[in-house]
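Protein chains in written order, with our numbering: chain A, 9 to 413; chain B, 9 to 413.
Do not rely on the hints blindly, as some may be mistaken.
No copy labels: a pair is met if it fits in one copy or bridges any two.
[What the hints assert, rightly or not] Simulated pairs of lysine-lysine, DSS-like, Cα-Cα distance not exceeding 30 Å:
hint, residue 1, residue 2
1, Lys-24, Lys-107
2, Lys-232, Lys-317
3, Lys-37, Lys-317
4, Lys-269, Lys-107
No lab work stands behind these hints: they were computed from the structure.
2 protein chains.
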Amino acid sequence: MYRYNFASYLRDEQVKIESVDLFYLAMPKIEDIGDGSQDALLVRIRAGNWEGWGECEAAPLVSIASWCCPMSHVACKPVSASVIGQRLEDPSDIAAIHKHVLANSFDLLQADHTLSGIDAALWDLLGKRLSAPVWSLLGCRKAFPKQPYASVLFGADPQETFSKGRAAISEGYRAVKFGWGPFGAGTAAEDQEHLRGAREGIGVDATLLVDAGAVWDEDVVRAKAVVPALRSVSATWFEEPFASEALHAYSELHAQAPDIKLAGGEGCHNHYLARLMIDHAGVSFIQIDAGRIGGITSARQVALYARQKGITFVNHTFTSHLALSASLQPFADHEEDRLCEYPVELKALARDLVLEPISRDHNGEVRVPDTPGLGVQVNLDTVRRYLVDAEISVGNRIVYRTPSV
Amino acid sequence: MYRYNFASYLRDEQVKIESVDLFYLAMPKIEDIGDGSQDALLVRIRAGNWEGWGECEAAPLVSIASWCCPMSHVACKPVSASVIGQRLEDPSDIAAIHKHVLANSFDLLQADHTLSGIDAALWDLLGKRLSAPVWSLLGCRKAFPKQPYASVLFGADPQETFSKGRAAISEGYRAVKFGWGPFGAGTAAEDQEHLRGAREGIGVDATLLVDAGAVWDEDVVRAKAVVPALRSVSATWFEEPFASEALHAYSELHAQAPDIKLAGGEGCHNHYLARLMIDHAGVSFIQIDAGRIGGITSARQVALYARQKGITFVNHTFTSHLALSASLQPFADHEEDRLCEYPVELKALARDLVLEPISRDHNGEVRVPDTPGLGVQVNLDTVRRYLVDAEISVGNRIVYRTPSV
């Protein structure tokens, strides 16, 4: 399945993971809004003469703690215990690291989020070393272009929502997703006004996607109240009306309004949870963030399972283009899964994190990089600019200190 | 439903949560074994003139970080943001805090584990203030005695497993659970020898429970290989053959060997996951740790749902009797759910954490305390003896420092 004969390529070397550095970046001011690009946890891994980068879509300090905490017992070890010193010569080594983390840290809840950035950095490193894009190492024969949807927050009022939609279309997007903000917090009538603003802003031809941001927990009645409005604006999907794991509520809404296509999955922190969602929630779209689900490895497992089940896979990305690249790799070869999330309201730290962003081409499409690794280069000046000094000590031992860039 | 008229009882006061202190305790040496009693995260909450205590069954440092980390965005706030300053006058206030945490921290994976100890401390405080045991505040009219099973690790070899079984019986237990250790790591034949040792050790009349410690991930074939041995020793349940969320594997094993009663659920970190397990895994027993699932509140939700579905609820407890009391409250009124987990190999810090343990009575049964709150008193000398000094700083600000006892 793989294009490379790893065993022969690397016969004479034994590359091991030598260092893992975690960098906590943050904007000077964090706003109380649904914008995940305000801070970041970057991972840099070194092995042999190579270096790989990844990003965790997770609370930076908590993920750092799960990397460096003391062991609690056999199945509650820090993530570092399963990574440092491990062999890294071919994709099976990354799979082995996943198995180690699962066995050594399954009682450490945050571990999945931490592993996500590490996994991406491992793939980036391996790709660079083997001069191959990550998607090819995953077994994809070809990477198909995706149609990006602009992912924006609902405006403070329907007029602002309208303006945001208009702006996205004027920038050439043919699909726009509105989410979070005031949506769902007031009445269904207010939601309807926002939806109308969104549709009028983007025009009749564009694809409209709606994200409720898990606002209704498990309240099917409240979610169902916006169904007529969703129909009237021809929303392509209805995302996360409920809490991530409230699959009974998804399933019930699906049964009551089967024409409304449900989307969800960004909260899945391992591939089993995504599988449960595919099997039991009645969703049409499964949205996976490689920065949360355990990395590219786990996201690829979900992509393959979704394809087998006839469910459309979509990336979830609301942070940097390093994260975007990681989240695009797992379904690069799914020609029929056309849409991809493309964040357009990034804060400076996320926007400037890579030297060359993954731009839209002349057709307005997004191509997964075909250069080695994740195909994006981290801008070290940006890392230095937003780097947060943090230190953790336990007993009299410092277990974490912000590393030098 | 409640026995108290909270509104009139408290009319003239407005009690708010004033302080939450987290204490990281650890044995001087942590062994690489399946014993969760080697460290602990204690929570002390103060409000008005009252004090409540709880325990998180979780990596202490990581849970501390999720309490005090800076906000990342609207749905990734530290748990403290939803707790400090909140009203605490009746059970509905605890439910409100749960809603806050769900809304404010649903992208912070570790939050559920942290909330667990906080929730227990809130109930303990409320119970003391209202002079009522927690179970009565949960709506239980009566607390029925439970039959404790001794929870021990498999021995290093079948002979040691035999001896451990014999010892448990000689201490008066009529049910013994063996788990973890070498079980599942070798061949099915080796597992069979351990099971035989266990049954011979406890004798033909005692209840034998078997815990595979999630050793086989999702490998149904490997799990099925021990089914004949489980039958031959008449195991009452077969616990956690698979990863916590690999419900398809549970369901498949259940279909292939419906006479083997499956148990699982200790990994559930919210009530939705437990509901999924009840609905889709084919388990007969749902095992909930109040120190992980989001506290007594969430565990009670699971207990009620399990009863509705005809599934037996059992506590999961492998730590102190403070945690034991918290885990017993949610199903105190389930007369038919007889078994309770009762840890018997506790390390000193867990064993000595309360002044008076929850002992077995003359019938060998365990009674949920009927004294106010959780009904156990924390031994402050033990807290001081095993207290770990920890400090976390972000930017130039110290966000956590071990509080004084």
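Hint by hint, here is what the structure shows:
1. Lys-24 <-> Lys-107: within (17 Å within a copy, 45 Å between copies)
2. Lys-232 <-> Lys-317: both (26 Å within a copy, 26 Å between copies)
3. Lys-37 <-> Lys-317: neither (43 Å within a copy, 48 Å between copies)
4. Lys-269 <-> Lys-107: Cα proximity of Lys-269 and Lys-107: across copies only (27 Å, versus 34 Å in one copy).
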